[in-house]
Each structure stands twice: as structure tokens, then as C-alpha cells.
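J.: Here's the letter readout for the chains.
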Amino acid sequence: MAELTMIQAVNLAMREALAEDDAVILLGQDVGVDGGIFRATQGLIEDFGAARVLDTPLAEAGIIGMAVGMALNGMKPVAEMQFSGFSYQAFHQIENHVARFRWRTNGRFSVPMVIRMPYGAGVRALEHHSESREAYWAHTPGLKLVIPSGPIKARALLAAAIRDPDPVIFYEPKALYRAFKEDVPDVAEPIKIGKADVVRVGKDLTLIAYGAMLPRAVDAATKLAGDGIEAEVIDLMTISPLDEETIIQSVKKTGRAVVVHEASRSFGVGAELCARINDKAFFHLEAPVKRVTGYDIHPPFFAREQHYLPSVLRIYDEARETLTI
Amino acid sequence: MDSRFLCNRIYILFLLKTGRLMAKTSPPRSSKTSGSNAKALPEYKASRDEMLDFYKQMTLIRRFEEKAGQLYGMGLIGGFCHLYIGQEAVAVGFQSALKEGDSIITGYRAHGHAIVSGASPKSVMAELTGRSGGIAKGKGGSMHMFDPKAGFFGGHGIVGAQVPLGTGLAFAAKYKGTDNVVLTYFGDGAANQGQVYEAFNMAKLWNLPVIYIIENNQYAMGTSVARSSGQQELYKRGESFGIPGKLVDGMNVLEVRAAADAAVKHVREGNGPILLELKTYRYRGHSMSDPAKYRTRDEVQTTREERDPIEFIKKRLLEDGAEEDMLKSIDKEIKDEVSEVADYARNAPEPDPSELYTDILVES
Ligand SMILES: Cc1ncc(C[n+]2csc(CCOP(=O)(O)OP(=O)(O)O)c2C)c(N)n1
Ligand SMILES: [Mg+2]
Numbered sequence: 667m668a669e670l671t672m673i674q675a676v677n678l679a680m681r682e683a684l685a686e687d688d689a690v691i692l693l694g695q696d697v698g699v700d701g702g703i704f705r706a707t708q709g710l711i712e713d714f715g716a717a718r719v720l721d722t723p724l725a726e727a728g729i730i731g732m733a734v735g736m737a738l739n740g741m742k743p744v745a746e747m748q749f750s751g752f753s754y755q756a757f758h759q760i761e762n763h764v765a766r767f768r769w770r771t772n773g774r775f776s777v778p779m780v781i782r783m784p785y786g787a788g789v790r791a792l793e794h795h796s797e798s799r800e801a802y803w804a805h806t807p808g809l810k811l812v813i814p815s816g817p818i819k820a821r822a823l824l825a826a827a828i829r830d831p832d833p834v835i836f837y838e839p840k841a842l843y844r845a846f847k848e849d850v851p852d853v854a855e856p857i858k859i860g861k862a863d864v865v866r867v868g869k870d871l872t873l874i875a876y877g878a879m880l881p882r883a884v885d886a887a888t889k890l891a892g893d894g895i896e897a898e899v900i901d902l903m904t905i906s907p908l909d910e911e912t913i914i915q916s917v918k919k920t921g922r923a924v925v926v927h928e929a930s931r932s933f934g935v936g937a938e939l940c941a942r943i944n945d946k947a948f949f950h951l952e953a954p955v956k957r958v959t960g961y962d963i964h965p966p967f968f969a970r971e972q973h974y975l976p977s978v979l980r981i982y983d984e985a986r987e988t989l990t991i
Numbered sequence: 011m012d013s014r015f016l017c018n019r020i021y022i023l024f025l026l027k028t029g030r031l032m033a034k035t036s037p038p039r040s041s042k043t044s045g046s047n048a049k050a051l052p053e054y055k056a057s058r059d060e061m062l063d064f065y066k067q068m069t070l071i072r073r074f075e076e077k078a079g080q081l082y083g084m085g086l087i088g089g090f091c092h093l094y095i096g097q098e099a100v101a102v103g104f105q106s107a108l109k110e111g112d113s114i115i116t117g118y119r120a121h122g123h124a125i126v127s128g129a130s131p132k133s134v135m136a137e138l139t140g141r142s143g144g145i146a147k148g149k150g151g152s153m154h155m156f157d158p159k160a161g162f163f164g165g166h167g168i169v170g171a172q173v174p175l176g177t178g179l180a181f182a183a184k185y186k187g188t189d190n191v192v193l194t195y196f197g198d199g200a201a202n203q204g205q206v207y208e209a210f211n212m213a214k215l216w217n218l219p220v221i222y223i224i225e226n227n228q229y230a231m232g233t234s235v236a237r238s239s240g241q242q243e244l245y246k247r248g249e250s251f252g253i254p255g256k257l258v259d260g261m262n263v264l265e266v267r268a269a270a271d272a273a274v275k276h277v278r279e280g281n282g283p284i285l286l287e288l289k290t291y292r293y294r295g296h297s298m299s300d301p302a303k304y305r306t307r308d309e310v311q312t313t314r315e316e317r318d319p320i321e322f323i324k325k326r327l328l329e330d331g332a333e334e335d336m337l338k339s340i341d342k343e344i345k346d347e348v349s350e351v352a353d354y355a356r357n358a359p360e361p362d363p364s365e366l367y368t369d370i371l372v373e374s
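Here the protein sequences come in this chain order: A and Y.
The opening residue of the first sequence carries number 667 in the numbering used here; numbering runs sequentially from there.
The opening residue of the second sequence carries number 11 in the numbering used here; numbering runs sequentially from there.
With the rest of the complex left out, here is chain A (with noise of 0.2 angstroms):
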């Protein structure tokens, strides 16, 4: 057991994949000598090697790309890209490659790969760093999405998506890297991506989050509970594919159910999950599902990038306002 940061879960999660399996490969910018922009690699290269801790040009189009020519061949490539932000200069290797593989070659093929890559605001970053946009990738079939809300997560999360079949965008919120330490245990348990978590469990309304918007669900569950109001929070932590089942029987228990994330509104994860809702469980509802989001616009730089983001206060707003319905 250790106490850990996200980020040296991230690295743990690594490290250990790179010990027990040869295939797998680390591969990005500055993630060798410099341990990562963000420290995800530290200590990696020095004790695997440079022909399995790849520090690569300035060219994500040409990474990912070859990391798809590896998983082909073979290998588990595990590709960093710096920000998010960046990875768009790859969006048609992961769109048209990455994605459609197994599809293409009628399961002949396919790609195991993980892609990680921070995301989202809160780091007082500024435009392409700061952006939170799951919406593309949960949007495109054949890809798998996962967001760590937390470090025993985090570790147990990247361990699987690593030793899973199909590729996995391994989207990590750069906010919560170092916002609090976990007793992570000596040996990971299990999380099977595809599954969602009960962090807390509830009757009066659901919670629905994930990635740096779980911890503030879970202050605003707190508050609620000093109204004496019992909300149930889920942790999504696979977005794409969903996991209904749990979202649902939440939602038949408690008849009420606000989904928040920091992406912006508009035709994103929330739409779809209050898509899901009204399909599955529309005659339980007491209360129009609601969405606590980032705004339609582009993040601000950090003056006032807290505005943007959704806060405890506007979710326990907005979870008050469905209970009075």
C-alpha cells in the first residue's frame, strides 16, 4: 500500500505493464529523458530503456499513426499526447485507423493500444490545454473511453485498458494529477472497463459524473445530506460503451437525476445519457433529467475559467431545483 498522487498512479500503472509484458511500449513527446510534461513517465526510461520508453519528434499524426502499425505487428503501444488539445493533429489516424481496424478487417486485425492524454480546465492553463471534449471520441465507434476520477482508479483503470483487446482513449483530468493523495493497494484490483461505480449511495436523486466533476458531485451530495437530501452518485469511469444497467437502476430507484461534466453542453455525454434515461427509465421520473455543464464556448483563459467550469454550489442548485418539481 502507497499513497499516491494520480500522476504516480498513472506511473504505476505503467510500470507495471512494462514489467510484465515485453509488448508493451511507452511512445511521445519528451516522455523519456523528461519524464513527461507532466511527470506521467518519470523514472520509466531509466529503468526500461530507451527502445521501450520512446521519446518521439514533435509529429502526432505520425505517432499514432505508427502506434497502430505496432499494435498490427504485435505490440501494446501505450502513446502519450501531451494535452488533449493536441491530439486532433492525430484525429485521423484514431478516426480512420485506430477506431476501425477490427471493423475493417472483418476481426482479422486489431488494435491494442491505449492513447492517454490530459485533459480539461481547472490548471489555470489556457486555449488547447484546458479543453474537455469526450464528445469525439465517445461519439466514434470503435474506441473505447475511460476517465480515472481518482489514483486507485487511475492505476487500476490504465492496468486494464492496457491489457484490453481494442484500443483505449485513456483520458486523464489533468486537475485532479495532484489534487489528492490514495492509499493505492500493492496489487491492483480489478476495474473491468465498461462498468460504472456507486460512490455513494442514495434515494432521493442521482449524481451522475465523472473524471475532476466527481469530486464536486461529491461535495454536493454532502450538502444535500445537510438539507437532508440523500443523492446517489455514480462515477461513470467508462464512458463509452455506457454502462446502462447501472445508470438506470439508479435512476428507477431514486426518479430524479442530474448529469454534470465540465465539456461544454451541447450534443455531448449529458445529452446522451438523458437520451438513455428517457428510453429506459422515463416512467419512474419525477423530474426532468437536468445537465450541470461547461458553457458553449471555448474555455476561458484563467481569469475566469472557475466561472466556466461547473462549481459544488450550481450542482447543488440545479439538484435542489429537480427535487422541487
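Mixed in with the good hints, there may be bad ones.
Stated by the list, open to error - Here are some chain Y residues the structure puts well away from chain A; computed CB gaps all over 10 angstroms: (1) 106; (2) 347; (3) 349.
To be verified - Calculated lysine to any residue pairs in the SDA-like style (CA-CA distance at most 25 angstroms, straight line): (4) 49(Y) <-> 325(Y); (5) 159(Y) <-> 358(Y); (6) 303(Y) <-> 231(Y); (7) 303(Y) <-> 699(A); (8) 303(Y) <-> 718(A); (9) 159(Y) <-> 92(Y); (10) 214(Y) <-> 727(A); (11) 889(A) <-> 856(A); (12) 132(Y) <-> 793(A); (13) 869(A) <-> 852(A); (14) 147(Y) <-> 704(A); (15) 303(Y) <-> 704(A); (16) 66(Y) <-> 271(Y); (17) 186(Y) <-> 66(Y); (18) 186(Y) <-> 147(Y); (19) 147(Y) <-> 963(A); (20) 147(Y) <-> 930(A); (21) 303(Y) <-> 938(A).
No lab work stands behind these hints: they were computed from the structure.
For each residue, glycine too, the CB sits at the ideal point set by N, CA and C.
Keeping the supplied structure of chain A fixed, place chain Y with the ligands upon it in accordance with the hints.
T.: Frame of chain A, contents of chain Y with the ligands only:
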């Protein structure tokens, strides 16, 4: 001091003086390859006033950037802040060769380019501090600077992605029948992005008036050119597209200016694109947090001592008979100006929250 060390130092100084060595890390100059060459250029013959102007502009950028570094340290600047310290001669030398209607575009290490192209230092600093008086109303930050009046098209955070944009600017300049040219700056790291080469091909295909300027400061974040590029003579990267290249000492503003004049002439006369590799050096970390494991302190120190672009022009001015006192009073003026700039940037109000919803699409 170890005598062998001393001998080496004297030898290096000798080589530098005689122009036979640009830097320890420079590739050997060779002029054999067709279309591209690394022959040292004869310097631009600058008048005293021109040299003074170079000195002032470079010093302004240096003091401005030092101040930005301080404000960042005080928590007044958020996000990233890529300082141009060490590279001043490049933007200053090139800008002096342009005429009305020419334009420039660059990456995120953009404060110096913005200022020399005519953006007010106050508006640049206030952008860094995220204030409403900033050049992007405080909504963008360090790598988000534009000034249409100055022909300055940014300020771009996606490495290398400005290269096709600059090529498109050049297309438009030609299409509209002007004889204007476009300076498209990018880094040695950016030179490895694929879209750079898509742009090179189209620039030559349509003979566009674009000058590609690689500011080779030897590093892309923590990765040296040697560790990222199989072929390290970046000025040859246009050759197979038919774009001639030239290696230039980016620490010597007079050589920069000479190269700029020649390139502008070539391009303005309708001969199509040209590529210049400017050997330069960034003294500070890549951004404000930089573990600096990728180079030695000694390397930085030696470059500062032996190749500093401001010291270079200062020395030339003194040799030319300029008074040391006059240079000192210029330094003082600039220092005062930068203090004023910083005060402005600290005290301007933050953008109104309502500003966040503007400029996403045209207001209907
Ligand atoms: C497409 C993309 N990939 C990665 C980054 C992160 N990044 C910012 S600057 C930089 C290094 C660029 O080096 P270079 O082009 O040499 O310019 P310099 O910083 O030396 O001025 C990197 C990797 C980015 N901003 N955009
Ligand atoms: Mg560089």
C-alpha cells in the same frame, strides 16, 4: 584555471571572431548541396541609427520578457509563458526588412514578434495577466495574440500548424495582386510536423510569396534536434520540394538583416518560397516550468557569454563610436517603460464574465 581549458576557450573565441565557428553545436557549414547553402553571409551595413534601433528593440524585448518571467513567478500570469530571451535578433532583424502590407505569423513564443510588428507592449503584457486591456481582452493568454493593423496573424499554440496558415496568407497576397510577402516562423521541433511539408509542396507548386523561418534554438521542450531529427541540417528541408534554403547566424542581427533582405527580394520578385534556418538559442526554460535535464548549465552560460545578440550589437555600437552613457540612458528609458507596462498589466481589470460568450460566432 586549467591551461588546456584556457587554450580551448581562446581557440573558440578565435574561431568565433573569424567567423569560422558559429556555435559548438552548429553543424559544419557546407555549400555543396544544390539550392541550399550554409555560407556565412556578408553582414548588413547598418548605419549608427539603425544599429541603435536594433539595440533598442532587442533590449525592449529582453526586459519585457524578464518582467513577464517575474510576474509569472508572482502568480500574476497563468497558463504558459514562453519567453523569447536569447532569440531577439531574429524577430528584430526580419521585421526591419519588411514594408507596409507584409505580414507575419508564428507559434506561441510570440511576445517578441507581436511587439516588433507594432502591437503595444502594454496590450501584450495585459494579455499575459489575463486582463481586459490585453490584446485578446485577457481571454486568450500567452499564445493568443493577434494584431491585424500590424499584419501580425498570431500567436498560435498548436506547434507547426501555423505553417499552412502562413502559406495561405501568402496565397492571398499573390491572388490579390500585391507584391507583399509573408514571414512564417516556426521552431526546430515544429519542423517535424507533417503539415509543414504539405505546405512546402503547395508553396512551391503555386510559387507563393512566403519566407519560411525556422528558429532553431536547438530544443523542442526537452528534446534536442539531435534526438529528434535524422537529418539535422534543417535549412535543407525544402530542397526536395524545390525550395532553396539558407543557414543564418540568428544571434547576429546584422547577418539576420542581410539574410532577410536577400530573402525578401527573392520572394518579392516572384521567385517563390524560400527557407531560412536561423541558429539561435533560448536561455530560459521551454516554458516557466522546465526540469532542464536536457542540457547543461555550462552550455547555457557559454552561449550567453559568447553569442548574446544584444551584447553583439552593443559591442558594434561602441566600436562605431557610440557613447556608453547614451546606451545606458536607453537602457534606463526601456526599464522605466517596462515598469509602466507591468503596472498597467497588474492593475487593469479582469474581463467581464459576459465577455466569455462573445466572438464564438458572428452576433446576429
Ligand atoms: C501539436 C502540438 N504538439 C505538442 C505541443 C506541446 N509543445 C508546445 S511547444 C513544444 C516544443 C516546440 O519546439 P520548437 O518547435 O522547437 O519551438 P520552441 O519552443 O523551441 O520555440 C511542444 C512539444 C503543442 N503545443 N502542439
Ligand atoms: Mg526549438
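J.: Against each hint, give a clear statement of whether it holds in the structure.
T.: Against the structure, the hints come out as follows:
Annotated as non-interface, residue 106(Y) keeps its C-beta farther than 10 angstroms from every C-beta of chain A; the closest such distance is 30 angstroms. A cut-off of 10 angstroms between C-beta atoms confirms that residue 347(Y) is not in contact with chain A; the least separation is 25 angstroms. No Cβ of chain A comes within 10 angstroms of the Cβ of residue 349(Y); the nearest lies about 22 angstroms off, and the non-interface call holds. Between residue 49(Y) and residue 325(Y), the direct Cα distance comes to roughly 24 angstroms. Compliance with the 25 angstroms bound is thereby established for this hinted pair.
Restraint check: the Cα-Cα separation between residue 159(Y) and residue 358(Y) comes to about 23 angstroms, which is no more than 25 angstroms; the hinted pair holds. A C-alpha spacing of about 11 angstroms is found between residue 303(Y) and residue 231(Y), which places the hinted pair at or below 25 angstroms, so the restraint holds. Of the supplied pair hints, the one linking residue 303(Y) and residue 699(A) holds, its CA atoms being roughly 7 angstroms apart against a limit of 25 angstroms. Taken as a hint, the residue 303(Y) and residue 718(A) pair is honoured in the structure, with Cα atoms around 20 angstroms apart against an allowance of 25 angstroms.
A C-alpha spacing of about 24 angstroms is found between residue 159(Y) and residue 92(Y), which places the hinted pair at or below 25 angstroms, so the restraint holds. Using a Cα cut-off of 25 angstroms, the hinted pair residue 214(Y) and residue 727(A) holds, with the two alpha carbons roughly 24 angstroms apart. For the hint linking residue 889(A) to residue 856(A), the alpha-carbon distance of about 31 angstroms lies beyond 25 angstroms, and the restraint is violated. Taken as a hint, the residue 132(Y) and residue 793(A) pair is honoured in the structure, with Cα atoms around 21 angstroms apart against an allowance of 25 angstroms.
Taking the CA atoms of residue 869(A) and residue 852(A), the gap is about 34 angstroms. The hint is violated against a cut of 25 angstroms. The straight-line distance between the Cα atoms of residue 147(Y) and residue 704(A) is roughly 29 angstroms, outside the 25 angstroms bound, and the hint therefore fails. For the hint linking residue 303(Y) to residue 704(A), the alpha-carbon distance of about 14 angstroms falls within 25 angstroms, and the restraint holds. Between residue 66(Y) and residue 271(Y) the alpha-carbon distance is near 20 angstroms, which keeps this suggested pair within the 25 angstroms criterion.
Straight-line distance between C-alpha atoms of residue 186(Y) and residue 66(Y) comes to about 35 angstroms, which puts the hinted pair past the 25 angstroms bound. Distance hint between residue 186(Y) and residue 147(Y) is unfulfilled; the C-alpha atoms sit about 31 angstroms from each other, more than 25 angstroms. About 15 angstroms separates the Cα atoms of residue 147(Y) and residue 963(A), which keeps this hinted pair within 25 angstroms; it holds. A threshold of 25 angstroms between alpha carbons decides the hint, and for residue 147(Y) with residue 930(A) the separation of about 22 angstroms falls inside it, so the pair holds.
Straight-line distance between C-alpha atoms of residue 303(Y) and residue 938(A) comes to about 45 angstroms, which puts the hinted pair past the 25 angstroms bound.
Comparing the model with each numbered hint stated earlier shows that hints 11, 13, 14, 17, 18 and 21 do not hold.
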